[in-house]
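Undergrad: So you can see what is in the structure, the chains are spelled out below.
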Amino acid sequence: MQYLVDLVVSGIAVGAIYGLVAMGFALIYKATGLVNFAQGEMAMVIAYIAWTIAGTVPGHPWLVVGGALVAALLLGLVIERLIMRPMLGEPVFATVMVTIALAVILRSLVLLVWDPYPHALDIGVGRDVIHFGGTGVRSAQVAVMATLLATCAVMWAFFRFSRIGKAMRAVAADERTAQLMGISAARIHAVAWVGSSLIAGIAGIFFALIYDVSPNLYHVGLKAFPATILGGLDSVLGSGLSGVVLGVAENLAGGYLAPSLKEITGFAVIIAVLMVRPFGLFGEREIERV
Amino acid sequence: MVSRLAIILAVGLFAATAAKADQGITDTEILLGEVEPLTGPPALLGVAYNVGTKMAVAEANAAGGVAGRKLRVIVEDDGYVAARTIQSVKKLIDVDKVFALTSLSGSNGVAALPVVEKAGIPTMASIAPITPLYQPPRKNVFVVGQSYEEGMYQLVRYLARKHPGAKWGILTQNDDYGVALRAGFSHALKDGGINVVFEGEYKKGQQDFSSDILRARQAGTEVFMAGGVLAETVAMVREFEKLNSKPAIGMFWPGRVPVTLKLMGPAGEGIYAVDYVETDDSAAVKAFVERAKALVSEGEVKAINRYSLASYASTKVLIEAMRRCAKTLTWACTIAELEKTKGFETAVMGPISFGPGVRFSSQAVRIMRGDAASLTYKVTD
Amino acid sequence: MRSGHYKESVPSLIVLSDSTAVWVWGGILVLAMAMAPYFLNAYLLSFLVLILITGTGALGLHVLTGCTGLISLGHVGFLLLGAYAYAVPVAKFGAPPLIGFLSAGVVPALVSIVVGVPSLRLKGLYLAITTLAFAFIISHVVLSMSWLTNGARGLPVMRPELLGIDFESDARFAHLCLVVAVATLFAVLNIQRSRVGRAFVAVRDNDIAARTMGINLQAYKLRAFMTSAFISGIAGALFGIYLSFVSVEGFPFLMSIEALAILIVGGLGSTAGVVLGTVLIVLLPEVARIALGMLGPQAEMLFSTAAHELRTVLYGLVIILFLRFEPRGLVGVWRDVKRLWVNWPLRH
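Residue numbers (this note's numbering), protein chains in the order written: chain A, 1 to 290; chain Y, 291 to 671; chain C, 672 to 1019.
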């Protein structure tokens, strides 16, 4: 029983990171209709920036987080303005390829600017182990679970109450009509990119705290894919939740079946889910009219 | 006709150094070639390996070079991708026309073996001394080091003596590296006295090991073989720390670099490692780093780790063989001289020997333990 | 010089090419490539071989993505399957290489049904990600069936002997690749002008309309999957032989992306574009290397190891710039050049 609890708790902890990254995917898909294949790479770049700040001014965890988030905001803005906006109106396929190329570039830039060695992100907190009964969890893992919940709440409120959030839903529903109603689609896209970059940044920092900063960090994007698909590409909250579901699922598969199954569990799950629901669990069904 | 002319022109351009019997030797220079990963995460070993080669070459040049000529190394990056390894080797042999190869990259170098064997160029392949590189022996391919199988075997025997009757766990990567470790483990099992309670394989690139380590603990593991490369081993150790579980943990030389201990923090104290090159606190390695400060750049000194020592020894053997050939510097002579190498001392590892039909200098391994305070590994017992 | 392009009958509309010039130049090109192995050194020859193998593989993806409009990120899975379907019977059980090549085509085609059937309901990016998932699962299955595939150890593969001809030498192997690539090119061109090919394009352009015209979507999508997998499998087998060693490591996920990049840079949906795109993408790292080298040895020393990363950055930039400024791909550039050549100084 203790074993099961341990598996589930650590599954939730890693799933919360997948969930955050997956929310980033979904936010961009909802607003712009494309999958940003560079999501994991953005998380990695922000984690490296956080590590650099932590190395330059040690002892200020809030400065590290704040600085990294400002960097995330700028990164999102720059990518949207310089790379994605000129692609407005191009076919989805081409735009998605641009994000793939962006991913390749970011991966090399990390090695160019920093180095191939793994590093620990040391901000003084997050690495200590907390024990609940027999279960050990790092404090950063507790924090990331809380952060996922908070981000979900913020997202829900954003789409429900804020003017921009409503406008984004309108663009997602019908971009043309939304524009006719006076909504600037370009601005909505910019907001989505910035938001997504911020969420990726948060995920990257937590990942770096719990594991380490390394040029492999972008794999987290690949792991979060199934979560986004499971939740439905356009369902931000669904993606967040699915991340946790997948984190637990892969831990159970690794813990009770074969350890080598752990890494492909997510992919197996999405194939099964898509057979039944081709638009994910919470995704909106696209109705085609002739 | 035009295209044919263009082709001839292109060939002429690339072959400016002209194809003589012993390529790569000009009036002033001897060219050496090296293939290794300089990009992506495996760059950790490739960059360090390159520093060792540069050191060996710089020292030889300072001592007057070989046959009155200076040595120069051309480095090719293959990113640890087999297709690029083959291309890089072909480029070094056919375009740059190097005299010898000082590295054939890691385990992906196996893919380039047919090319190298056909060319007949003297080749050292010592980054990842896996069995297919020297078994069956190839006339012109020499390997310095020790197989992962033997390293694992020695480590397991040592820990079995230290922890009689303990419950064992092992987690390895699902690639040729993991297969080699697993083979060494099975070999040690045959000697008896080892009770295995957990055996697992993880997918290359895995970052979260919570379920694997939970499983190992659940099985009651008391001695754990962490078969990760670097970050994976760190992640495993830190999962044990999280679970407040303290088995004896053993790891392998690809991870035996200071950065691993730094990442593990206090959890890395006393971790067992196995290696065939000298430890960082030995006089030989300290002297090596001192000499490096004069010969290579500051960034490169920082990049030095055990792979630099492996490369330094391997390249020194090659240069020594070339020097013994002196005026009659040919491939055949170099290979013959390499074969005659007996008990060659490099200070950074045990003496190196080859022989007729022996293309693998089997280096003795030693067991060491991590010291978290000084971030070094110390030889034990 | 022709004054225009007149199509007066159905046969002239679907003929491979009605221009003598195209046939002559095509013939010269093939002849030049057939002669090239005797003039190129091994390094340049390896680029020719890589272009031919990559081109064959890209043609496979072209049938699925370019013609039928089904985006696949699982291309590398079929390449890997093809390589193993060749290596297992030939290297492990000593079957004749011809059987190996047959199985390299047939096995991926059969597996593609397993991939294709569940994918029939999926569209666009959902499909792309499902194929990505399949690529991961295929490599997992290959690794775990070690009794058959040797698992992580991989299988060494020798150059084959086919129909009494020994393809051991680099030049001979290049010829083998050339034959396969040209045959594949013709096969794909011919598929495109057949009923099946037109149905593929109809599915791509508007699947609902295609359905109302009586095209069985399921059947044709599956057919596209199988054709694509067959061709990719053959390319995978050739790549495995080129590597002389078949292992999961030799087929990184990046190959899927590279194949898509080829289609896009060449011009999506155009067979000529596949050829042009292959040449550009395969040679790009080398061109970048030469460009960096031109900056002088000091620059190269300065970059030292960074030069390699710079090259990758350049690679990504070229793809982005192409998509941004020439979305029709190299084929679009080619058409512009041709029009300019014919009409200059007039605009039309």
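Just so you know, the hints here were simulated from the structure itself, not pulled from any lab data.
Ideal Cβ placement from N, Cα and C applies to all residues, glycine included.
Hints may be right or wrong, so weigh each one.
[To be verified] No farther apart than 27 Å at their CA atoms in a straight line, the calculated lysine-lysine pairs in the BS3-like style are these: (1) Lys429/Y / Lys630/Y; (2) Lys452/Y / Lys583/Y; (3) Lys408/Y / Lys763/C; (4) Lys583/Y / Lys632/Y; (5) Lys592/Y / Lys480/Y; (6) Lys763/C / Lys429/Y; (7) Lys452/Y / Lys494/Y; (8) Lys457/Y / Lys480/Y; (9) Lys552/Y / Lys480/Y; (10) Lys763/C / Lys494/Y; (11) Lys592/Y / Lys408/Y; (12) Lys678/C / Lys493/Y.
[Said to hold, decoys possible] Sample of chain A residues at the chain C side, in silico, Cβ under 10 Å: (13) Leu34; (14) Val35; (15) Phe93; (16) Val137; (17) Arg138.
[Stated by the list, open to error] Just a sample of chain Y residues kept apart from chain C, beta carbon distances all over 12 Å, derived: (18) Leu321; (19) Ser378; (20) Lys408; (21) Pro454; (22) Ile484; (23) Glu512; (24) Glu629; (25) Lys632; (26) Gly640; (27) Val648; (28) Arg656; (29) Asp661.
Undergrad: Out of the numbered hints, which ones does the structure contradict?
TA: Violated hints: 2, 4, 5, 7, 9, 11, 12, 16, 17, 19 and 20; rest satisfied.
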